[in-house]
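Construct the entire structure; sequences and hints are all you get.
Numbering (UniProt numbering), first residue to last: 1 to 141.
What the hints contain is simulated information worked out from the structure, not anything from laboratory work.
Be careful, since some hints might not be right.
Below, computed lysine-lysine pairings styled on PhoX-like, alpha-carbon distance capped at 20 Å [unchecked claim]: (1) Lys-49 to Lys-138; (2) Lys-120 to Lys-138; (3) Lys-120 to Lys-140; (4) Lys-47 to Lys-140; (5) Lys-140 to Lys-26; (6) Lys-47 to Lys-138; (7) Lys-138 to Lys-26.
Derived Cβ-Cβ restraints for the label pairs, each shown as a range [unchecked claim]: (8) Ser-39 to Gln-97: 18 to 28 Å; (9) Lys-47 to His-22: 15 to 25 Å; (10) Phe-32 to Thr-94: 11 to 21 Å.
Heads up, the beta-carbon is just placed ideally off N, CA and C, and yes, glycines get one too.
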Amino acid sequence: MASLQRAQGYERYFWECNQNYHLMSKLLPLAFEVGTHLSLGCMQNGKLKAYVLQRHAFTDIFCLQSSLISHLSWLKNYVIELRLYHDVSSAEITGFQVHSECLVDGCAVDFKRCIDLNQKWQLNLFLFETLMYFTNQKAKK
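Here you go:
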């Protein structure tokens with residue numbers, strides 16, 4: 001029973017990774033270079049910015065910063081390191097940091113490494129909901 005639940009959990013996790021990839025693809029411009037700051041969404045409830053760290057044939061690495069209007073201090077400003085894998089159409093969160101400052105050039109943020117699997121699942125779902133929100137807001141314009 002536990003192995004079945006774990007398998008279903010992995011299926012859900014990979015589905016969310018694939019959905020995050022496709023949502024990011026909708027928000028990103030067609031062309032961008034390493035070192036570019038991108039505004040992925042700017043709504044009355046907050047902003048979503050990306051900084052391009054690396055670009056390769058099969059993988060792009062971004063820093064995502066969200067500045068949301070929220071009564072929760074950890075939700076107001078956070079930074080996520082995200083890898084987009086183009087060959088498998090998937091996105092993986094590789095770092096997370098609650099960050100009160102603006103995104104800086106070079107994304108010099110000390111990311112929390114070794115995120116455990118439960119945190120990855122939670123952050124992945126959180127990113128999915130954030131990207132879905134900004135994608136829906138963009139579609140309304």
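Status of the hints after comparison with the structure:
no., hint, result
1, Lys-49 to Lys-138, "holds, 14 Å"
2, Lys-120 to Lys-138, "violated, 26 Å"
3, Lys-120 to Lys-140, "violated, 30 Å"
4, Lys-47 to Lys-140, "holds, 16 Å"
5, Lys-140 to Lys-26, "holds, 14 Å"
6, Lys-47 to Lys-138, "holds, 12 Å"
7, Lys-138 to Lys-26, "holds, 9 Å"
8, Ser-39 to Gln-97: 18 to 28 Å, "holds, 20 Å"
9, Lys-47 to His-22: 15 to 25 Å, "holds, 21 Å"
10, Phe-32 to Thr-94: 11 to 21 Å, "holds, 19 Å"
Checked against the numbered hints given earlier, this structure breaks hints 2 and 3; the rest are met.
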